[in-house]
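Residue numbers (our numbering), protein chains in the order written: chain A, 1 to 311; chain B, 1001 to 1415; chain C, 2001 to 2245.
None of these hints come from the bench; they were simulated from the model.
Possibly wrong hints are sitting among the right ones.
Cβ-Cβ distance ranges computed for the label pairs, FRET-style [said to hold, decoys possible]:
(1) A:ALA17 - B:THR1135: 40 to 48 Å
(2) C:GLN2213 - A:ILE111: 35 to 43 Å
(3) C:LYS2210 - A:ALA294: 49 to 57 Å
(4) C:GLN2222 - A:LEU287: 33 to 41 Å
(5) C:LYS2117 - A:PHE108: 40 to 48 Å
Heads up, the beta-carbon is just placed ideally off N, CA and C, and yes, glycines get one too.
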Amino acid sequence: MRFWVSAGLVFSLAVIAAAILKNEYYFFAGYTVLTYVVLATAWNILGGYAGYVNFGTPAFFGLGAYAAAVLFKATEAPLLFQIIAAAAMSGLLGFAAGLLTLRLRGIFFAIATIALVVIMETLFINWRYAGGATGLQLLRPAPVAPFESYIKMLFVVMALIAVASVAIARYIETSWIGRGLRAIRDSEEAAECSGVPTLKLKVFACSISGALMGAAGAPMPMYLSFIEPASTFNLNYAIGALASPMIGGMTHYIGPVIGAILLSTIQQVVTVTISGEMNVLVVGVLLVVFVVAAPEGILGLFRKKFSAGRK
Amino acid sequence: MKIRKLLVGALGAVAFSLISVGGALAQQPIKVGMSMPQTGSLGAGGKAALLALQMWVEDVNAKGGLLGRKVEFIVYDDQTNPALTPAIYTKLLDIDKVDLLIAPYGTVPTAPIMPLVKQRGLLLMGNFSFQVNRTVRHDMWFNNSPWNDARSWSDGFFSAGSKLGAKTVAFLAADQEFAQNLANGARVIAKSLDLKTVYEQNYPPSTVDFSSMIRAIRAAKPDLVFVMSYPNDSVAIIRAVNEIGVGPSVKLFGGGMVGLQFTPIMQSLGSLLNGVVNYNSYVPGIKYPGVEEFLARYSKKAVAAKVDPLGFYLPPFNYAIGQILEQAVNATKSLDHKTLAAWLHKNEVKTIVGPIRWDANGEWVNPRVLMAQFRGVADKDLDQFRKPGKQVVLYPDAMKTGTVAAPFEKVRGKK
Amino acid sequence: MSALLKIRGVSKHFGGFAALTEVSIEIAGGERFGLIGPNGSGKTTLINCVAGSLRNDAGSIVFDGEEVSRLPAYQRTRRGIARSFQIPRPFASMSVLENLMVPLEYVAHRGLVVTRKTEAGAQDEAMAILRDIGLADKAATPSNRLSQVELRKLELARAMAARPRLLISDEAMAGLSSNEVSEVLEILFKLNRTGITIIMIEHIMQAVMKFSQRVVCLDAGQIICEGAPAAIVANVDVQRAYLGA
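Bound-form chain A, shown alone (with noise of 0.2 Å):
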């Protein structure tokens, strides 16, 4: 109950800040850590609950985008539509990445799901519909009433986004399926020998991450009016989902919502203070000062405070 509150207050407050902020920077500034929220929420059902860790995040990312933009040039559909569809084609590559895990454990599955990046950039890069190597640019709508701009719009439906990616993250961990997710990462075997059915566990959890994923993707061609594959597959996606779990703490799922919100907030005000390089050394520096001070996060550090309030 007290989450569905705080959710419901999180996203009113989006929607407020959409109605009475005028400077519409902090609408594209805070789409983009929105997305990174998602991203991350997503990352972490099977990189943190499973232990599989995923390096695939843009193929997830960039297919949802893609699906949306292929989806508007063809028939315009509204962005509800772009992003059902987005979540619909990257669930089904999670569905075929899940299946990967059949064979592949470990640095294996690592390694298979960077290979996944580069085929769909290579897929997109020659497939001249989709605007080939050198991009698609689209032509946006006018926003839906009420919205007055469209950036505004995007925002309130990133937040959106974003609460339904947390609530089904906290309705994966602290259900049946977490348990058995945290038992496959502790021991595959013992997990499989306890009843659970860790293969359809997997491809679950992978679906799911995928499909979150690639509706984080979804309204990338609309912020952008634009897509085109080498940023679209930016392996700073998969960058930016993995650290901020590990950042914020990857046992509880308000974790990696910490994570992102700090790492992107950080990241956007060096874009526009420091420079590009100070960008990347920031997300490696911090990875090393948590990974060696405290390498369950910054949740692993308020952790008592956090097991007490979660029974």
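Knowing the structure of chain A, use the given hints to seat chains B and C on it.
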């Protein structure tokens, strides 16, 4: 106690002097803002372009600024990542409150900000992008690049070829959209000139070995070989041609090879470049007023800043952006974007890259993509490229610095 | 009494190495069955084939009248085959109680929607098992802080939480002191009294001979001897297999 008193006193003095200075500077500076790729794939070019723009800011401030106000230049690094530019440009507009906007170098980082400037009705100075305004059709966009459509790239090559009496042509193109765009433009021109296509090959972007294609071209005995390639491919193709040769039939070789304009590539290929006829934006010997003086100043600063020491390709055109803004603001005595755009649509602007007039779409009415032939280039010599004659301009006619040397194999052999 | 588990002609190869060759064993419901053999004789391979961690290449495994040799391990667990691991594999990130909640939620208390009530039911059952096995006071302890004997007990407790009809205990006593061995042995006797069939794999001869009603000895993937404990101890082949004489 004493130290504290001293500190308080010092702080007070500083604060007072700040206030008094602030009073004197009632005139706020004019802010010009942009993002420039300084890292990522366009980073090297972006840094050189940025240096040129900073030179313009210094120059204009030395002359007393614009409308009597100092010019302040605000620039962020977009890492050649289009996902970052919308946030950067809204920051420029909504937080930094810039008065004038310049687009980032390149088509990709520019594309996402086109709807933003259109929606807000803002003037945007383009920066070497290609047809980025084609779908958005924003009437307050003015590009600085010397091309307009795909045809403007290959016109010069074919006009030089037809003067040599060419009858047949071979096409070699990267299988990517930009190269294909150029190829399509080139095919239309070839058809209108009654050239027969004897060889046509699209190669995948990851190709590294071109020897079989060069042999096939040699076997087809074309008069012209039109190549549309990206930097890595361009280098590999030039090396393959120098190992294998394209045969005595070929009069002209080159056209749309991206990368041969870049200083490090010119330097490393050296004499292997001789004979190649390729597109360019500026080469020494062209008498635009002020450009030589600019490049002389630029190369001194470039060495210190460790960026492209020659700076032919991008920097003069970036300096020109500043000149364009300067002339429009001074002529209209205004910073209003609509007024400025209306003036730019009506008037010709004089820059160090020649006079510029724009069409309704914000591209140049008279494109000036040069076709230049490498001649007498030696190995391992950077400074030779500063001299006229190493790249002989064949087209456009008004800027010719020499006549074409043919056949290709004969010119190639000469050092 | 019909057999609960029928292993017929089971073979398993790893590349060119024959780990099991045509092994056939029948185990009756409620039986205490001992499986012995020197290291590398195929004991663990055989129980991996029964529990589902490995698939046998040939032969059949029938549990309670149903062919199970092609079912994934979790399906076999749900049908009543549970095992402990030779090297304990606790769910290290969970408390002892949570370790038991995994099989409870995935086998006995399975359901798409978990309410507070079903969860409380599962917790009660977990606590009951922990009391039986003597781990009740460690219920809230993280499982990575247990001692060796406690880990062995946790292995058995977690296997019990799947409500098995057949429990395979894979060297649950290796490396324990003699007091601890009798403690674990006592637990296994107690479980057997509730009607659970038990296969004990063990190197500690005293324990396995005391516990088992019937013993099979494997060597090089084949059964070399089967019979009552006393007969096995006296068997020449068994002595040769163990002593290499």
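Now for the hints, and whether the structure bears them out:
| no. | hint | in the structure |
| --- | --- | --- |
| 1 | A:ALA17 - B:THR1135: 40 to 48 Å | violated, 31 Å |
| 2 | C:GLN2213 - A:ILE111: 35 to 43 Å | violated, 51 Å |
| 3 | C:LYS2210 - A:ALA294: 49 to 57 Å | holds, 51 Å |
| 4 | C:GLN2222 - A:LEU287: 33 to 41 Å | violated, 54 Å |
| 5 | C:LYS2117 - A:PHE108: 40 to 48 Å | holds, 42 Å |
Consistency with the previously given hints fails for numbers 1, 2, 4, ordered from lowest to highest.
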